[in-house]
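Next come the chains, spelled out residue by residue.
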Amino acid sequence: MSTTRVSFGSVAQLSLYQLEQAQSQLQDLQSQLASGNLITKPSDNPGGAVQALAYQSDLARSKQYTTNVTDGIGWLGRADSVLSDVQTQLQKAASLAVQGANATVDQSGRDAVASQIDGIRQAMLADANTSYLNRPLFGGTSAATAYNTTTGAYQGDTNTVSRTVAPGTTVAINVTGPQVFGADTVTSGGVTSPNPNNVFNVLAQLSSDLKAGNINAVNTDQTALSAAINTVSDSQAVVGARYNQLQAAQTQLTTQQNSLQTTLASLVNVDFAKAATNFTLQNNVYQAALKATSMVMQQSLVNFIQ
Amino acid sequence: MSDIAAINTALSGLYAAQDGLDTTGNNIANANTPGYTRQRVDQTAAGGSIVTGTYATNNGIGTGVSITGIERVSDGYLEARSLAGHATTSNLTQTQTILNEAQLGFAEPGANGLSAQLQNFWSAWDNLANNPTDSGVRTALLGSASNLSAALNQAASGVASTRTSASAQAMTDISTINTDLAQVAAMNKTIAGETLNGRAPNDLIDQRNSLVDSLAQLAGVTTQAGANGTVNVFMGGDTLVQGGLAQSLYAPPPSSTTTGNVTLTVGANGPATTAGGTLGALVAAVNTTLPNLLSGPGGLDGVANALAKAVNTAQANGVYWTQTAGSNPPTYSWTAGPPMFTDAGTGSSTVTTAATIGINPSLTASQIAASATPPAGTTSPTSSGQGDGSNAQTIAELANSTTGPDSVYHSFIGSLGNQVSQLNTQVSVQTQVSLQVDQSKSSVEGVNLDQEMTQMLQYQQAYAASAKYLNAVNQTIQTLLAAVQ
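Chains as they are written, first to last, in our numbering: chain A, 1378 to 1683; chain B, 640 to 1124.
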């Protein structure tokens, strides 16, 4: 029978190695428990670290999309309330027109109505020039106020303002002045003339017809006015639809963020119950190794030779 | 055999037992001495005189015991395996330490790493897209671009400083190695001298072998036994110690922290050589491993390059406006966006390294090209397009690009993590392997107290018995003397 010769030094060396192993595993668990993170450095789990980075980026992007959407919702909410006011004012103008078209009203009465219409026109222009956080709501991508307050001419452009709500997905949030209030001019047969259905033109025409006492023309203006009211309410419907779309996007983003958070957490966060159990287990292993070492290292023939 | 000769036999027994006890004592005393190899008394039975003469006869009875030497109980094969194991372990451990330090410098995954800075940067573009006319948002974007390029600079300089420490450590190691080599050669000389004089310089051999072991860890040297107990030391095919002669290693420090290699030569102008062990790992880290983190495929320089390329191209696709000087009513001229990131060294819009990426020094907040229209070069009488953020939207979406800086950076972190993780595995396997060899070596060469105690009893008994024999011989002679009186 052959036995392996064991040297005093090698027992000590091996015991030390095993103790160190147990201690280092204990330390890993301890650092997991203390930091709450399974991945504290890329080498802990290289694949997981890359995934965690990707999830973190997605999450940051998603949060930024929420910021974009919130900004868009603010913009559209403001536009909606302005358009409601425009509607109210135009309804008021329509009823004033009915009043002015009444043959029983004398010229001074019509003049009074006309000056009210002028007031409404100014209020309309103020509405059309509303800005949201310094950005004109109805001016397209122009930085200037949308309408010239004296002439009622449109100064903006017809470009789209949009918000990014998802990777590669933008949603238009603006309606331009011409879309809401009608184009300034119309071109027919090569001839460009002021657009009779433009809100500001209609109101100016109505006012001047009232002042001139031209009842027939006032009746025509009423038709144009109701056409203008229809255009405004169409725009409001568009605004409402986009508002809903952004709200849906917001809800979706919140859901997406929750799910990203959960996935990220399951990837990088420590399951405390599991880690604590492992820690206790590993601690027992360490204690056992210590005990065994202390017993083995004590024993040699020296103890028995007197 | 004469009675007088019998006294000698008893004496040789006493001496042998005494030497045995002394050797055992020495073994016990050195049970914990690093590098100590246990020793054993070699003894043979001494025969009688074989030269017959008139009065000298030999009746076949031996004349006691003679000590032929005190031998080191060593195993050449295991010693060589142990050296190789130590060299590999220290090589891997050193590389592991360096790369681990490098990966910790990136603080990923976390809220303070480069990845988070990239996200802030893209978000700033989105904020600009939402508020193209707001100068505060523009300034904030410039700020986050400058933070991002500073973070890239910092990451690169972290790697560079690790590299500097590694090359300084290599220089220190080289001078330690040269001292050790000279000492090994000096010890070789003494050992050869002692051996030629018939003495056994066992303790000196142990000390020299300890030095050789530390050389193996430092430089990955291998050995070959020479004449008269000397040992020849080799490294990567070059002879470093031949008997009593030692060469020295030489390496000029690298010319800069980012470029310049450490070239190791034997002697100041000698042939280039390759080290193993710690020095090998340090030289490899300085020459390849650490530079590769920056300029290697998928390295950090690639992140800086991708960032500058993507953003600069997108900037050039967009436009910004300036009010034409002296125009009333104002007119606006539109210009393509200038590069946002330039190389701090060359000023070029093509950025090649993470260490030199910087913000274009001439870029002002108003030159950030948030708008996509009108086309560059046009002059417009209106402010149309100034509220357009669609180019900023496009740039913000670069965050999702599969070839963009984010994606390059994520792969970089993944591959760095992989390298360290592989090294962790290799180190733990190699430590086990090396431990096994050391255990085997120790089981041959190390001191076992049980064995020493047993031998101590053996020698003690032998000594007592020899003393008793001497007493018996003495009494015999006394008896004889009394008879003749």
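What the hints contain is simulated information worked out from the structure, not anything from laboratory work. Note that this is a predicted model, so its numbers are computed, not measured. It is possible that part of the hints are untrue.
Stated by the list, open to error - Now the in silico label distances, taken between C-beta atoms and shown as ranges:
1. Ser1408(A) x Gly782(B): 29 to 39 Å
2. Ala983(B) x Ser1412(A): 29 to 39 Å
3. Pro891(B) x Ser1408(A): 51 to 61 Å
4. Gln793(B) x Leu1510(A): 27 to 37 Å
Stated by the list, open to error - Some chain B residues close to chain A (C-beta under 10 Å, calculated; not the full set):
5. Asp661
6. Gln758
7. Asn770
8. His1049
9. Leu1109
No residue lacks a Cβ here, since even glycine has one placed at the ideal position from N, Cα and C.
Against the structure, the hints:
no. : hint                               : result
1   : Ser1408(A) x Gly782(B): 29 to 39 Å : holds, 35 Å
2   : Ala983(B) x Ser1412(A): 29 to 39 Å : holds, 36 Å
3   : Pro891(B) x Ser1408(A): 51 to 61 Å : violated, 41 Å
4   : Gln793(B) x Leu1510(A): 27 to 37 Å : holds, 35 Å
5   : Asp661                             : violated, 18 Å
6   : Gln758                             : holds, 4 Å
7   : Asn770                             : holds, 7 Å
8   : His1049                            : holds, 5 Å
9   : Leu1109                            : violated, 26 Å
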